[in-house]
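Q: The residues making up each chain are set out below.
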Amino acid sequence: MTGITHKQAGRYMRKALDGLLTDSQSSDLAAHLNECEACRLESESLSLLTARLKNNFQARWDTQNGPSHNVIANIHSQSRRISMSNRINTGLRTLAGIAALVMLGFVINYAVSQTRNTSVAANGTQNVVAATSTFSTQTNRLIAFVSEQNSNSEIYTMNTDGSDIRNITNNPAYDGNPVWSPDGSKITFESDRNGNRDIFMVNADGSGLIQLTNDPANDVLGPFPQPQSLGYKTPDVFSPDGNHILFANDKSGQWKLYVMNADGSGVTQLVQANDPLAADGRWSPDGKQIAYSLSNASGLTQMIAFNSDGTNRRAITVVDPAKGDIAQMRGSIIGWSQDDKSLYYEYDTGSGNWYIIKATTDGSGTIEKVADGYALDTGLFIDGWLGSNSVLSYVTNETGGKYGSRLHNTQNGKTLSWNYLVSCGYILPGSSRQPNIDGDSPSEKLGVSKTGSLAVQGVSCPNKGYSELYSLDSNSATIAKIAQIPTVWDTININWSADDQTVLIQGNDKSGKTDLYVLNAEELQKKSPASPESIWSGESSEALLQPVPFNGLTVKKPSTVVPSTQTTSITAPLWTGTSKGDLIAYVSTANGNSDIYLSKSDGTGVTNLTHRSADDFDPTWSPDGNMLSFASGVNGKYSLHIMRPDGSNEKQIADTWWGYAWSPDSTKIAYLVSLPDNPSDPYSPAKISIKVIDLNGNTLQDTALGTYNKADQLKWSQDGQSLSYVVTQLSTTPVGEVRTTESDLYQLKLGSDSPVLLVKSDKTIDAWTMRGDTLTYLIRDYIEWNLFQINNNGQKKLATFGFDQIKCGVGANQASQFTYNYGSENTTKNFSPNGKYTSFQVLCDDGSVWLYLGSTDGNFFKLIYDQPIDNNNLTNLLSWSSDSKNIVFSAGGSSIGNSNIYKMNIDSAIQNPAISPVPLTTSGFDEHNPVWQPKP
Amino acid sequence: MDSRWLEQCRVGDSLAIERLVQTYQGDVYRLALSILDDSDDADDATQEVFVAALRALESFRGNASFKTWLFSITINVCRTRLGRLKNRGRLEQILQSLFHVHNEQLHPENEAIQNESDSALWQAIHALDDKHRIPVILRYYHDLPVAEIAETLGVPVGTVHSRLNYARERLRALLKEEPR
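First to last, the protein sequences are chains A and B.
Numbered by our numbering, the letters in the first sequence go through residues 1 to 936 in order.
Numbered by our numbering, the letters in the second sequence go through residues 1 to 180 in order.
Same shape as in the complex, but just chain A (with noise of 0.2 Å):
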């Protein structure tokens, strides 16, 4: 026998499966298999289900080759939404999609106000208004709604028309899912702003902001989570007065309902410790009791009632499968008796028959049948509601929806009126029916009016390409298409004003894009269906109608752009040609999208100087300080602008806005043009050339470089006269990783067709400067970067940056956690205007980001020691001042987007590790990217 035993040949056999044998033990193993049957077996057997798997797996999948649909064109349209929902959020959001599967549908609003708002842009975007408006007295409704249209979700209120948005939350932490209370005064809502998801309310001018709950644990609004795949249920936040407010929390590991007070105090556990799920809680009319489903992870549902204070919790039904009762699935409350006496609620049996129950809920179980269906003959139960007549009307499904669906009215157990609704063009049932779906289901949602008389049902029509609504009358069953919208919304929301006059519609189709209308009364009893016009188009995952105006607001509205400590130091255009190396320009999101942004080097003095809805970005001073170059999407594709540091006397220039590079006498621009030989193949050899234009865009020079897979970090030399740049070679090694194997620093002189080469390389040169004849040079290497310089003196190595000196963590936690493996490590590809410092961003395993700076005398140390800044997104684009005594540079937020800049003074860093680098902005906004102007 060989030298390992049959326990070491299993785990050799196995590492070798995952190819993690070295060779000593594959030749181990080798010869243990020779000499042991049993191991060979072991062997084959395990070699065995290696082919089964593979074999498998490529019958089942290797006939797919890529996805059906058009993913760039999908891409592109929703490549501008940055969705910054949290995990609570996504989770309620998605899960109540996928319920979407039987109560399909979601959100609209309708209204059909002509007045659009002009300030509102195709794309979706909008400029919030200006910071100086006042909150006027309102004889306008409101609509709330969340939009992240500035990479965070916020929540915006607008008049019925449109016009006047606002941000009421403007918190750089998630603020979503907005309830009115009953008077139309304020508005609870969710937000993460403290570190977990907690319960707020301000009032509609976004004034008066209270925190009503602040528990560790997450404290949500609803919909609270269903079992059996069921989805969401809205509960109703508010009590009938306003004074009491359901929500839950999820301390025990599930969601749990309790009731507070709407000042957030008296906070109420309502179900039992050991009930299961909590789901929607229903207030009785008089507001003195609340009635809720439990149903199990077996969909088993029980309807609870209790009193409003939390006490006399009774069963409304107490069903006991295991004693023969017929077991009661999936139930949901329909709503309560206009006495405050009775509970309806639908549920259905698991098999097809499902019933609506009329329940006492005095505890005494006396239980009325009103009416029942099955699911192959009447379809299935869609929804329901009780008017305030006693009317009870429901809608049923036939097969999913697909055929259209019934309204049922009935009084008493007794049918009064019913009719079909059918949609999207199809045929009336009883003729030869086809089914209302051609790949696509449709997605359906009931709006139903406060007091019941009227329902608005949205339906999309995928076979149509376009969507419906249709209102549904709860007496005579009169159902009227209302109205046809040209797009196939994705999910559709329906909410009411209190007095039955207003309705508003929110219609999102698949990419996210955000219609809503609002109907009145008129437009509901029109007899011809009309085609309104959206009062507002964007993305907003929900809006909602204020139920009442409320006209006790006169306060004045807090800046919602900028934020109030920068809003006085607005000023007019600040060039003056004087402060030269003491401005700062950078990239900020505040008004929606990308804008140029220029503030002095202590933060104030805060103007937009590209104040459009195109984006502009990737500023770039000229050396003399008297001009910014910036790439702008004004032109529809991203150029190269100049512009002077106040806005003025902007124009384009070139074409490309990428690697480019000012002239020492800030007349020309020089930059590199990359022609991919294979555009569909990111890694495909490119024909490089130069170009260098005049501040006109006039061509001076066009010159052919060669063929190579990169070509970056171009520069010109200090008198001008001459521009160096570096090529990159790269392979593409079996399991497709790019390597680099040859990087080059060349050198053009203006007027010359013949590329000079000044240092060749094996490893990637990382980032080069030159002074006068002194050229110095970072090379990476696996595991270090090494500093040379090249002069007249011949070359040497300065310095070695070993990544085995960075330290992740904080203060005296501080160890080695960067692994290449799973840490990364860039450049700037910057040196300090002195040529000492080159400066570096470092990932750590553990997320954490920080900068090093190593120096021309060896020294490699960590810019910022202590937990100074929030240093997620921390980027390696970092700008240094003239005198190389501070850098500006961008970091923060949980995710990208609301990225603050930084300041740092080197000197100070350097001599107190401990010292935090300094904010310069606070925004919340995303705001990147910063360069100082120079000081020549």
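Errors might be hidden in some of the hints.
[Said to hold, decoys possible] For lysine-lysine, the following PhoX-like pairs were computed, each having C-alpha atoms within a straight-line distance of at most 20 Å:
| hint | chain 1 | residue 1 | chain 2 | residue 2 |
| --- | --- | --- | --- | --- |
| 1 | A | K369 | A | K414 |
| 2 | A | K341 | A | K369 |
| 3 | A | K464 | B | K176 |
| 4 | A | K836 | A | K903 |
| 5 | B | K131 | A | K807 |
[Stated by the list, open to error] Some chain B residues flagged as far from chain A (calculated, every beta-carbon gap over 12 Å):
| hint | residue |
| --- | --- |
| 6 | D129 |
| 7 | D130 |
| 8 | K131 |
[Claimed, not checked] From chain A, some residues computed to sit far from chain B (all C-beta separations above 10 Å):
| hint | residue |
| --- | --- |
| 9 | T50 |
| 10 | Q411 |
| 11 | L757 |
Simulated from the structure, these hints should not be mistaken for lab results.
Just so you know, even glycine gets a beta-carbon here, dropped at the ideal spot from N, CA and C.
Assemble the complex: chain A is given as a structure, and chain B must be docked to it using the hints.
A: For chain B alone, kept in the frame of chain A given last:
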């Protein structure tokens, strides 16, 4: 990594995005399909992955291949979707029990499973939890080296090895029970 494209994508150049998607959509789709096992869901997941990737380009670490990075996003997207699918699956069961719709009609690709032996293996694979099934799919369908699986899943190499070991032993045990 070709920064020429990435840096353009990073700031939203639509042409660069288009190239990026064209280049990787096949790989991403196959990975999504192999985890979700539903072509429609894989379609949607593919789109979701690219949208997520384009948003997060700034966080691309640069030392792994772009494909590995994209794969880890794909896994995350698919895990999220799996949760939803499971819920939807239960819902479909309810509908099916009501309308007697056969599962095969909803999933025509099931026809690809022809012999009983494969079917048994398939059931065994599905009996694994995601933690163990996803490494198996990455290793045996996508042929990824263990180191790359580790990077994709964000766990140490040893963890991947032990998960694969567990999965193999579990599969063998389950397959031993299959009728011969």
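Q: Taking the hints in turn, state whether each one holds.
A: Verification of the hints:
no.: 1; hint: A:K369 to A:K414; verdict: holds, 11 Å
no.: 2; hint: A:K341 to A:K369; verdict: holds, 16 Å
no.: 3; hint: A:K464 to B:K176; verdict: violated, 53 Å
no.: 4; hint: A:K836 to A:K903; verdict: holds, 19 Å
no.: 5; hint: B:K131 to A:K807; verdict: violated, 31 Å
no.: 6; hint: D129; verdict: holds, 17 Å
no.: 7; hint: D130; verdict: holds, 16 Å
no.: 8; hint: K131; verdict: holds, 16 Å
no.: 9; hint: T50; verdict: violated, 7 Å
no.: 10; hint: Q411; verdict: holds, 29 Å
no.: 11; hint: L757; verdict: holds, 21 Å
Violation of the numbered hints given earlier is confined to hints 3, 5 and 9; the remaining hints are satisfied by the structure.
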